[in-house]
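*Asks:* So you can see what is in the structure, the chains are spelled out below.
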Amino acid sequence: MFDDRSPIYRQIASRIKADVLSGALKGDDQVMSTTQYATYYRINPATAAKAFQQLVDEGVLYKKRGIGMFVSPDARDTLRAERRESFFAEVVEPMISEARAIGIPLRDVVRRIEEREQR
Amino acid sequence: MRIDVENLVLRYGDTTAVDGLTFNLAGDKIYGLLGRSGSGKTSLLSVLAAFRRESAGSVRVNGQPVFENADVTRDIIMIRDGGETVKIGTAEDAVYFAEWLRPNWDGDYARSLMDRFELRPKAKVSEMSKGQQSAMGVVIGLASRAPLTIFDESYLGMDVPSRYAFYEAILADYMLHPRTIILSAHLIEEISSLLEEVVIIDRGRLVVHEETETLLSRGRAVTGPADRVDAFTSGFTVLGTRQLGPTKSTMVYGDLDQDQRRQAVEAGLELEPIAMQDLFVHLTGGPR
Chain A
1 MFDDRSPIYR QIASRIKADV LSGALKGDDQ VMSTTQYATY YRINPATAAK
51 AFQQLVDEGV LYKKRGIGMF VSPDARDTLR AERRESFFAE VVEPMISEAR
101 AIGIPLRDVV RRIEEREQR
Chain B
1 MRIDVENLVL RYGDTTAVDG LTFNLAGDKI YGLLGRSGSG KTSLLSVLAA
51 FRRESAGSVR VNGQPVFENA DVTRDIIMIR DGGETVKIGT AEDAVYFAEW
101 LRPNWDGDYA RSLMDRFELR PKAKVSEMSK GQQSAMGVVI GLASRAPLTI
151 FDESYLGMDV PSRYAFYEAI LADYMLHPRT IILSAHLIEE ISSLLEEVVI
201 IDRGRLVVHE ETETLLSRGR AVTGPADRVD AFTSGFTVLG TRQLGPTKST
251 MVYGDLDQDQ RRQAVEAGLE LEPIAMQDLF VHLTGGPR
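Listed in order, the protein sequences are those of chains A and B.
FYI, in the working numbering the residues of the first sequence are 1 to 119.
FYI, in the working numbering the residues of the second sequence are 1 to 288.
To be clear, the hints were calculated from the coordinates, so they are not data collected in a lab.
Source: prediction; values computed, not measured.
Virtual Cβ for every residue (Gly too), placed ideally from N, Cα, C.
One or more of the hints may lead you astray.
As the list claims (entries may be wrong) - Quick list of the computed label-pair ranges, beta carbon to beta carbon:
(1) A:R80 <-> B:G82: 55 to 63 angstroms
(2) B:D4 <-> A:R83: 47 to 55 angstroms
(3) B:D255 <-> A:E58: 17 to 25 angstroms
(4) A:D77 <-> B:T214: 30 to 38 angstroms
(5) B:E266 <-> A:V91: 49 to 57 angstroms
(6) B:M175 <-> A:R80: 33 to 41 angstroms
(7) A:M95 <-> B:M175: 37 to 45 angstroms
(8) A:E58 <-> B:A231: 27 to 35 angstroms
(9) B:R242 <-> A:I104: 17 to 25 angstroms
(10) B:G268 <-> A:R112: 27 to 35 angstroms
(11) A:A24 <-> B:F51: 28 to 36 angstroms
(12) A:A101 <-> B:A226: 51 to 59 angstroms
(13) A:I104 <-> B:E266: 26 to 34 angstroms
(14) A:R10 <-> B:P121: 41 to 49 angstroms
Chain A on its own, in the form it takes in the complex (with noise of 0.2 angstroms):
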């Protein structure tokens, strides 16, 4: 919610991201080089390489001395700890507002909700 970094940190970051928490990446998997990143988004390596850094920094990625960067054993719990936390003010909230805002009550929504669960 407060992320206020580049629009290519974002790019880059939440495909990873993405991939960490749908199980495409796992721990220890090595991840596209920086030279791979800057050439399919447009970018410079030193900015792809900015992105990299910044995922090491928050525990997703780890680095090897001239091998590359590979995902951290614990990325995926870490991430989906992370989303856990904003769930509700993130994706829940946001929905009450919407409902709230085109009229459907919130009943509604908790019935379809559990209707889901029993399925």
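Based on these hints, arrange chain B on the given structure of chain A.
*Replies:* Structure of chain B alone, referenced to chain A:
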């Protein structure tokens, strides 16, 4: 190659094109030189490439003066806005000439670039379209692999697909053969993601020299109810404002810390990054 520009002045008669510029480039990066028409970009680059002699101050490349210094100028290539300037003869002749002149010339790379830009070796350069002449300039500029490579709006004559091919080629070749590359252009949005650092000049003077990402992170559009936007932006350098009924959007320039971002969000304000092009317009003084 390291570049040191100190109090550089370039005059043509009564006109002062470069007016006391000082900046240093550490080298081996892709730099953007941005400025409005007539801001002194070409004049500055012409001194860097030793096409012109400075009126005062100095330019040093790897610590050496450049004017009439063949040891240094051999390693510098500048492609100007007309693209390939050797218009005598065919594309093949231009390539032959460059090969003879440039110690790091890569002939195979030049041929692959010519294929990519659909330039026929037997075509006469003087009969090429503006776009093809620009592309020819780009081929010579890239395949020379000069330690200091300058493209002064050299790709403006190219159409959009060719320009994108050029941007891809420049990145790929830079990653394989790191060197100092300076791009000047006013198509800022197209090139800004290629640039590690930008130098912005206006009226022959330095406006800002900064890492691209840092510069971009300093610009923010703050949008929300007018009174709250005004309260939040009061301490900042305001680049410009726009208002739509009760909603105001103010562009500010300066570092925002985590607390300030939180305050903005709590006040119901939206913070959005500003595109390089918008930052540039405001930093260089709006329409004239």
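*Asks:* All hints, please: hold or fail.
*Replies:* Checked hints:
1. A:R80 <-> B:G82: 55 to 63 angstroms: The hint (55 to 63 angstroms, Cβ to Cβ) holds, given that R80 (chain A) and G82 (chain B) are roughly 57 angstroms apart.
2. B:D4 <-> A:R83: 47 to 55 angstroms: Once the Cβ atoms are compared, 49 angstroms apart, the range 47 to 55 angstroms for R83 (chain A) and D4 (chain B) holds.
3. B:D255 <-> A:E58: 17 to 25 angstroms: holds, 21 angstroms
4. A:D77 <-> B:T214: 30 to 38 angstroms: holds, 33 angstroms
5. B:E266 <-> A:V91: 49 to 57 angstroms: Given a distance of about 19 angstroms, which is not inside 49 to 57 angstroms, the answer is violated.
6. B:M175 <-> A:R80: 33 to 41 angstroms: holds, 35 angstroms
7. A:M95 <-> B:M175: 37 to 45 angstroms: About 44 angstroms separates the Cβ atoms of M95 (chain A) and M175 (chain B), which means 37 to 45 angstroms holds.
8. A:E58 <-> B:A231: 27 to 35 angstroms: holds, 33 angstroms
9. B:R242 <-> A:I104: 17 to 25 angstroms: Given about 34 angstroms between the Cβ atoms, the range is violated.
10. B:G268 <-> A:R112: 27 to 35 angstroms: Since the Cβ atoms of G268 (chain B) and R112 (chain A) sit about 29 angstroms apart, the hinted range of 27 to 35 angstroms holds.
11. A:A24 <-> B:F51: 28 to 36 angstroms: violated, 53 angstroms
12. A:A101 <-> B:A226: 51 to 59 angstroms: With a Cβ separation near 22 angstroms, A101 (chain A) and A226 (chain B) fall outside 51 to 59 angstroms, so the hint is violated.
13. A:I104 <-> B:E266: 26 to 34 angstroms: holds, 27 angstroms
14. A:R10 <-> B:P121: 41 to 49 angstroms: Holds: the Cβ-Cβ distance is about 45 angstroms, inside 41 to 49 angstroms.
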